[in-house]
Each structure stands twice: as structure tokens, then as C-alpha cells.
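A.B. asks: This is what each chain is made of:
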Amino acid sequence: MREELEKVYDKYASELYKYALMISADHGTAEDAVQQVFVKMLKMGNRVLQIESYNGYLRRAVRNECYEIIKKRNLSKGIVEKLSSKPIIENSDEKEANEEERELLEGVIKELAPEQREVLHMKVFEDKTLSEIGEMTGVSTNTAASRYRYAMDKLREILFLRKNNG
Amino acid sequence: MSNEDTKIEDMLRHYKLPGPPIELKNRIFQSKEKRWNRTWLAAAASILLAAGIGLIWQISGKQANSEPNDNGAVQIELAVTRAGQASQLLAVADFFARQSEGQDHAREIYHEVAQSFPDLNAGIQAQLRLKTY
Numbered sequence: 001m002r003e004e005l006e007k008v009y010d011k012y013a014s015e016l017y018k019y020a021l022m023i024s025a026d027h028g029t030a031e032d033a034v035q036q037v038f039v040k041m042l043k044m045g046n047r048v049l050q051i052e053s054y055n056g057y058l059r060r061a062v063r064n065e066c067y068e069i070i071k072k073r074n075l076s077k078g079i080v081e082k083l084s085s086k087p088i089i090e091n092s093d094e095k096e097a098n099e100e101e102r103e104l105l106e107g108v109i110k111e112l113a114p115e116q117r118e119v120l121h122m123k124v125f126e127d128k129t130l131s132e133i134g135e136m137t138g139v140s141t142n143t144a145a146s147r148y149r150y151a152m153d154k155l156r157e158i159l160f161l162r163k164n165n166g
Numbered sequence: 001m002s003n004e005d006t007k008i009e010d011m012l013r014h015y016k017l018p019g020p021p022i023e024l025k026n027r028i029f030q031s032k033e034k035r036w037n038r039t040w041l042a043a044a045a046s047i048l049l050a051a052g053i054g055l056i057w058q059i060s061g062k063q064a065n066s067e068p069n070d071n072g073a074v075q076i077e078l079a080v081t082r083a084g085q086a087s088q089l090l091a092v093a094d095f096f097a098r099q100s101e102g103q104d105h106a107r108e109i110y111h112e113v114a115q116s117f118p119d120l121n122a123g124i125q126a127q128l129r130l131k132t133y
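Protein chains in written order, with the numbering used here: chain A, 1 to 166; chain B, 1 to 133.
Okay, chain A solo, but in the shape it has when bound:
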């Protein structure tokens, strides 16, 4: 069972981690969420075989774990502040490094609510439609759209300010 789950990890961990990272905007939370989900699956033993779709199951589980951790950590912020603050977005290899822009975008992303970051991630990095996002996150298409709208407005506002000041 361990070997089977290792294969599942190899296949899905990267996407799950990125998803968790965008929801939480914190590497520690993303690591803990992914770790907790796989540790729980290891404890399930053969019952893991009853899972119909690993992808759907893992996404839901990581999402729930993330929001659970965020909720808990808001109550003990002092501890969370001790955690590392590695960047959550990186320059891609083909793009000329623009650290100022990266920091600006990361700053705006971190200011968004987890639900808004989640929608932004699914729309921009996973190419999902707002209807799909609504379905996957258990909200109406309108709610998904308004979360996306808020995130884009915030990004536009900051980028517009920079353009005017620069």
C-alpha cells in the first residue's frame, strides 16, 4: 500500500502543493496540509482502494486541511510568524527576472483572502472556468466570479498605481 501511495504522491503532490500554497500563501501550511492528507491515507490501509478518483479526493482533502490549518493558525498567530517566509511565486525560467514586479504581485496575492487566492489560482494557473471552479469549491458560479473579480480589481488597482507612480 505504501508503494501504491508513493506513486500517487509522485503523480499529484506537485499540483496539490501549489494549490495549497496559493490558498494559504505559506509554504509551512502547504507542506503540513499535503503531509497530513498522505499520512491519513497511509493510516487508511486497504480502504484507500475504495477511493474512486485520487485526484478529486486529494484536492478536496488538501483544501479542507488547508482551511482547517488557516483557521487554527489565526488563533495562534505568534507561532505562525516564526515560520519561514519563502517566496510563493517564482520567476519562470523563460522570463527575464524582474524581482520588483514579482514582489509587487506576491504582496497583492498575500493580501487577498484564501478563497480569492484559490479562485485566482484555479482560473489563471489551472485554466478552469468559473463554472468549474464554483462546482469544485462548492459555491455558485456567481460567488466564484465575484471572488475572481475582487482579486483582479485588487491586482489592477496596485499595478495601475505603480504604473502611474513609475
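Treat the hints as calculated values from the structure; they're not laboratory data. Please note: incorrect hints may appear among the correct ones.
With a straight-line Cα cutoff of 25 Å, these simulated BS3-like cross-link-like pairs (lysine-lysine) come out [said to hold, decoys possible]:
hint, chain 1, residue 1, chain 2, residue 2
1, B, K25, A, K40
2, A, K86, A, K43
3, A, K86, B, K16
4, B, K131, A, K128
5, A, K40, A, K71
6, A, K7, B, K7
7, A, K7, A, K18
8, B, K16, A, K110
Some chain B residues judged to face chain A by a derived CB distance under 7 Å, without partners named [to be verified]:
hint, residue
9, K25
10, I28
11, P118
12, L120
Positions of the beta carbon are idealized from the N, C-alpha and C atoms, including for glycine.
Please arrange chain B on chain A, whose structure you already have, making use of the hints.
C.D. replies: Coordinates of chain B only, in the frame set by chain A:
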């Protein structure tokens, strides 16, 4: 969707999200030791370190208050307590060092042991372990 939205999306797509650290898989699948959530690890390290420092102060206070003419039993008691405390803190640091997320906490405690007990074996051991970081 407006043109501006498309531009912002394109700008974001020029960036990528980092994947999980390599050690995460090992932590999940290879470690037989009890896995510690990093939040709990940080909390435990803070509490243990605070308790350890409190005891160091207590021992230092007793040493400062002891008269030079105090009998040998008092001095021996203080020396034994101090050595025991140093060994305990060293063991705690070793525990954190074995956790994949505990390296920073281990280093902090080794540092405290090395500084507070430079004359004891535990202090020397802590200094040696610090050199491996």
C-alpha cells in the same frame, strides 16, 4: 473579461509556483518516527527552551547566593543539578535535530547549551554539533 484582466492573467502566468520540497516525500513515507507538525514543533521548542533557560537562571542564582564557605554538599548538589540540566537540554536538541523540520530549533538549543555550559561535557558536545550546521 476585459483586456486589462487578460493582461494581468498573462503577467501572472509568467510566474510559477514552486513545488513541494524534496524532503516532504521522505517525511511522509520514510520516517518511522512520530511525525511532528511544524507548528507543534515550533511551540514545543519554544516551551522547552524557555523552561531550560529558566532552570539555568535558577541554578546561576543559587550559585551566586551560595557562600564561599558553604559546605561541599551544597556545591556538589549545584554541580550535579547543572550537569543534569545540561544533559537534558542536549538530549532535547538532539531530538529536534532528528526531525526534518527541527533543525533550526535544534541549533537554537545547542547554542544555548554551548553558551551556558562551556565547562561541561554537554556544552562541548553542543559546540561540536553546532559545527556540523
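A.B. asks: For every hint, state whether the structure bears it out.
C.D. replies: Now the hints, each set against the structure:
1. B:K25 with A:K40: Holds - the C-alpha atoms of A:K40 and B:K25 are around 14 Å apart, at most 25 Å.
2. A:K86 with A:K43: violated (31 Å)
3. A:K86 with B:K16: Distance ~14 Å between A:K86 and B:K16 Cα, so the pair holds.
4. B:K131 with A:K128: violated (50 Å)
5. A:K40 with A:K71: holds (20 Å)
6. A:K7 with B:K7: violated (38 Å)
7. A:K7 with A:K18: holds (18 Å)
8. B:K16 with A:K110: holds (15 Å)
9. K25: Holds - the Cβ of B:K25 comes within 7 Å of chain A, reaching about 6 Å at its closest.
10. I28: Where the cut-off is 7 Å and the nearest Cβ of chain A is about 5 Å from B:I28, the hint holds.
11. P118: Since chain A brings no Cβ nearer than about 27 Å to B:P118, farther than 7 Å, the hint is violated.
12. L120: violated (29 Å)
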